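Starting from two chains that each stand alone, build the complex the way the hints lay out.
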Amino acid sequence: MRDKKVRVLLAKPGLDGHDRGLKVLARGLRDAGMEVIYLGLRLTPEQIAQAALEEDVDVVGLSCLSGAHMVLFPKTVGLIKEKGGGDILFIGGGIIPGKDIPGLEAAGIAMVFGPGTPIGEITGFMKERVRRRGVDNQD
Amino acid sequence: MVEKKANRELPERKKEFKTTVDGTVVNRVYTADDLGKDRQVDVALPGEYPYTRHIMPGGYRTRLWTMRQYAGFATVEETNNRYKYLYAQGQTGFSVAFHLPTQEGYDSDHPLSAGEVGRCGVAVDSLEDMEKLWEGIPLAEVSTSMTINATAPILLAMYAAAAQKQGADISCLRGTVQNDILKEYIARNTYIFGPAPSMRLVTDLCVYCAQDMPQWNSISISGYHMREAGATAAQEAGFTVANGIAYVQAMIDRGMSVDSFAPRFSFFFAAYTNLLEEVAKFRALRRIWAKIMKERFGAKDPKSMMLRYHVQTDGFTLTGQQPLNNIVRVTLQALAAVMGGCQSLHTNSFDEALALPSEEAVQVALRTQQIIAHESGVADTVDPLGGSYYIEWLTDRIEDGAMRYINEIDKMGGALKAIEKGYIQREIAASAYNYQREVDAGEQLIVGVNRFTTGGEPAPELLEVGPEVEQRQVARLSRLKRERDNQKVGEVLDRVYVAARGDGNIMPALIDAVKAYATVGEISDALRGVFGEYRETGIL
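As you go down the protein sequences, you meet chains A and B in turn. Position 139, counted from 1, in the first sequence is what this note's numbering calls 139; the numbers after and before it change by one each time, with no gaps. Position 416, counted from 1, in the second sequence is what this note's numbering calls 416; the numbers after and before it change by one each time, with no gaps.
Read the hints as simulated data drawn from the structure, not as lab findings. The model shown is predicted, which means the values in this text are computed figures rather than measured ones. Every residue, glycine too, gets a C-beta built ideally from N, C-alpha and C. Don't take every hint at face value.
Among the chain B residues that face chain A by a calculated CB cut under 7 angstroms, a handful are [unchecked claim]:
| id | residue |
| --- | --- |
| 1 | Glu104 |
| 2 | Glu116 |
| 3 | Asn189 |
| 4 | Ala229 |
| 5 | Gly230 |
| 6 | Ala429 |
| 7 | Ala432 |
| 8 | Tyr433 |
| 9 | Gln436 |
| 10 | Asp440 |
| 11 | Leu462 |
The shape of chain B in the complex, shown without the other chains (with noise of 0.2 angstroms):
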């Protein structure tokens, strides 16, 4: 072999070079024998099945990636500021970030969100804060993404009604809600009822999507927060795979066919700075759900199979220690996203260890994609590293890696059982201390952390939300439940207590009540009243 003679001539810098999926040591050099037995079938030409290479043909020769920066923070009034700014700035999709009050079902008034107004997005009571929001932007003609998970409905239905308003058709609306509620209980922790009350609003929603809002994404399947807790790109891969498997059976059992609403099934991925391995995990998330979707599922429409992804860079390699080196390893991870094939992308500010980005972070953010696109050449042909003996290779670990965790998962039964064990909450707690300490035992480098420091640099510009937003806030709030018919505002309310109750779709009784202008903490207890609240067990 080539390389164990080479190896003997010349020693190396470390005894082993391993890659994070699950530390799979990588040889010195790769060559055709390392390509799979399969390849003419598993890695056939972009557009086709199983779509390893892209999922279109012409890829983004065809049309660029949606730049999609999320924003979000302070009041209503401020983040139509910045989506106006960024709309200005060239950026071509919206992602709106909600504050905590709003994404786990409390209003801003609440003792729990003393402290959280604004803060980690946008204040969002009701459904005049989701009118002004969009103020001067036409909901027809954008596309929105909006990270919500357990109050999905109601926002998704705040949403709806807000574009009514302009005069929208609902059915032309296009965007994503998040509506991923299983990845909650492993890692983001935004939930605020059981699992399986809280698949049956997960369902609810998608049907709702599948008649009324046939543009409409109706859940992003996120891998991002699970590999932003700790796991590997093979568990990030597996794990997400496995909840979205969950989730078709799910659409299944309610008695949708599975090309009726598959197409409008999104995923969401995080990309690290281990380029090369992260271009190969989007190429075998791809084989991986076309495979998936065609041979367990029976799906017939090509777009059933076709795995359609945002992503955002990974916040949790952002470093504290001179911040001005993150813009180098958020291009990085960013080549990795293009040249993997994302839909959309997310580009972190280098500012974000600190604090909320700042508006000239976030712009040179986004500057960093439209360099890529249109300087870099990455986006001129499709897949520019398919082919390579190594991205192939590791491409089929990646693969092999995630279906092992698939299989041990629909072993206990599918996810949500292998969630109820707390099997995934520990895989992944366990990758996240054996890194910090490769980290603290300098087995990891982190340039600037552990290794290249310098002391006393000057602290960056960063953006500052003051107390004032939580008073506005509120005082906005309290003149709004004053304002309002409350006579209508409690008949909606037991209309969604009644249809929570029941097993019909529970959208309908969301939409009326948001256009009350009940509050998302008014409906949120409607539901909490009949669903209960969920505790986590604590899991290390």
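Next up, chain A with everything else stripped away, as it sits in the complex (with noise of 0.2 angstroms):
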């Protein structure tokens, strides 16, 4: 049997270092009793799917700011769909105006929360959403 814990990928695609939000997260999905893998910044797709299907995670977590998420954000869900990890769930955060959001769902991204969203409301989707090889996220 393996670890129980939602094991958790937090990274930032592109150039862009507005890193407050993400390690905000990063700390409040541990405190919720997550497994964290944060990856930090400055990453492309490839790093980004790579890390995501070695350490074999649960939920994959996408932070943006720049205004580049339209390209970052489908590139990375596509690479890591396209080498197995279809059953991944993922989420977007950063500044995202409201008209991107249906392409970023077309494109694989479960939720995008935006600034303000307590870490609580996070914490729940992801323990609802999360369905997959057995694992019982029941803490």
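As structure tokens, this is what we get:
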């Protein structure tokens, strides 16, 4: 029986350096009993995809505040799905205009959490949505 | 005590009232008993050491602060138009936002630039872009601030070259480059090289300015981004001054006398919505810096002791919910900056939690400053809150809090060591997390976010930067690379490489390189070849 904890990879694709939100989320998820791999910033979609698959995570959280999300999020999700990570839950955050959200959802981002989202709302969403490989995430 | 007696009479709405300065408890009322013993010395008149009340005796009665809106997006054509618009609206200085590839040393055609071109700022790859950015704006007559750090020496070289092409004498140019690499490792994250070679580039630029561009502010030591990352007011003050000490020491270690460069050191801080705390922070900062420059570094020139600073209202406090409320927040923050005595100010636009600011939102932001300047009356006397028992007490508290951090960092061997150890990063991350927990628990109220919420708001008109911007910029760059003298470019890049390996000042080689239309990415690559690249260690 493998680890029961929900495994989450958090990463910032692209050149954006605003990492306050993602770092706060990383601590919040840990305090909520999840296992967090904080990959850091200035990463290519390829680097994030490789790490997500190697680390065998349940959730990938992407953050971008520079406006490059419409390029970087779909590319990262696409690469991960292509290489066998189709059952991973993807979430996004940052400065994301509302009109971009349908496009991100179509690309496979399950939910976009904007500024001001309470951490509990994100953990609640993740726990409800993570369903895979016999992981029992009722901690 | 008056206070205790009063407390018994009526219950108060909260058990405790706290500032954000490490949660300092705020008393019900302040009296003359709360003033510091040294206040005659510490709170001298404006224009007198230690400049608590203002660096100039006349404050804004002599000259208003510079209204300087940070702007830049898409390509140089769009940004040039926005600058001309702001100039026509009464803005008195320019502030350039560069897109992230320019800030991090990549050309617009680099794979890592995909999706980023023209987003967080204007795309500048070469001197050709810089020339077009300023078309129709006489650089000899304006003052320009450039938010640029790791690639600051390259972009300053481009600005100087563009000004020369307009016929300007570079010794007359006025403006600022941020050039503050230390805070990049702490918060803003646009570093390229490791701390040691980066500090060399910072000081190369400062030495060059001291000699050839004496009216140019060679560094803007920034607390803003640390505050945005979660620092408290006292942390912002303490960590920024600690970084400032590191830069002053590095210049002295290069053999420069303190008064030859310190007058051109400038600062950059945030203004939050807690109006009185922020005013006290600015007053405390002026006093701390004056004392350190005089007592620690032996500065003789009063200008070396004067903390001159730009303020930007805080982006983090802007909410995506009920965005028009942000106009009110920005007004309070701008009031704090002005009553605190800033030299220049950027007011944020109300739509910035949603997207890059639209033209309408930028105009409201600028008008906010103009209303404060011309209608509110707060600019009519210097340090209007000076002498308030609470303000003086809070100024002392922030000075104490900041000095504790500065002393702690001194004990570690200075800011560079404290950053390498992750101390500053961890302190800020802890503050950010505590704040979020307080918000989530409802202990910190944010109007429209965790209280007084309304559903289904109409979305304001947002600025869009389409994908064609990237295509246009990449096409422009590839034409430039075809048409320029590429043999010459090879030679100047070799010179940059050699200069980086040596220990002389790198600026002359960079100026030759940009004049030959070598690009930001090419020059940065030559430097990467010598200095290598820095990777963050993922401190949480």
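Okay, the hints, checked on the actual structure:
1. Glu104: holds (5 angstroms)
2. Glu116: Cβ of Glu116 of chain B sits 5 angstroms from chain A, so the hint holds.
3. Asn189: Result: holds, 3 angstroms to nearest chain A Cβ.
4. Ala229: holds (5 angstroms)
5. Gly230: Holds - the Cβ of Gly230 of chain B comes within 7 angstroms of chain A, reaching about 6 angstroms at its closest.
6. Ala429: holds (5 angstroms)
7. Ala432: holds (5 angstroms)
8. Tyr433: Holds. Min distance 5 angstroms.
9. Gln436: This interface hint holds because 5 angstroms falls under the 7 angstroms limit.
10. Asp440: This interface hint holds because 4 angstroms falls under the 7 angstroms limit.
11. Leu462: holds (6 angstroms)
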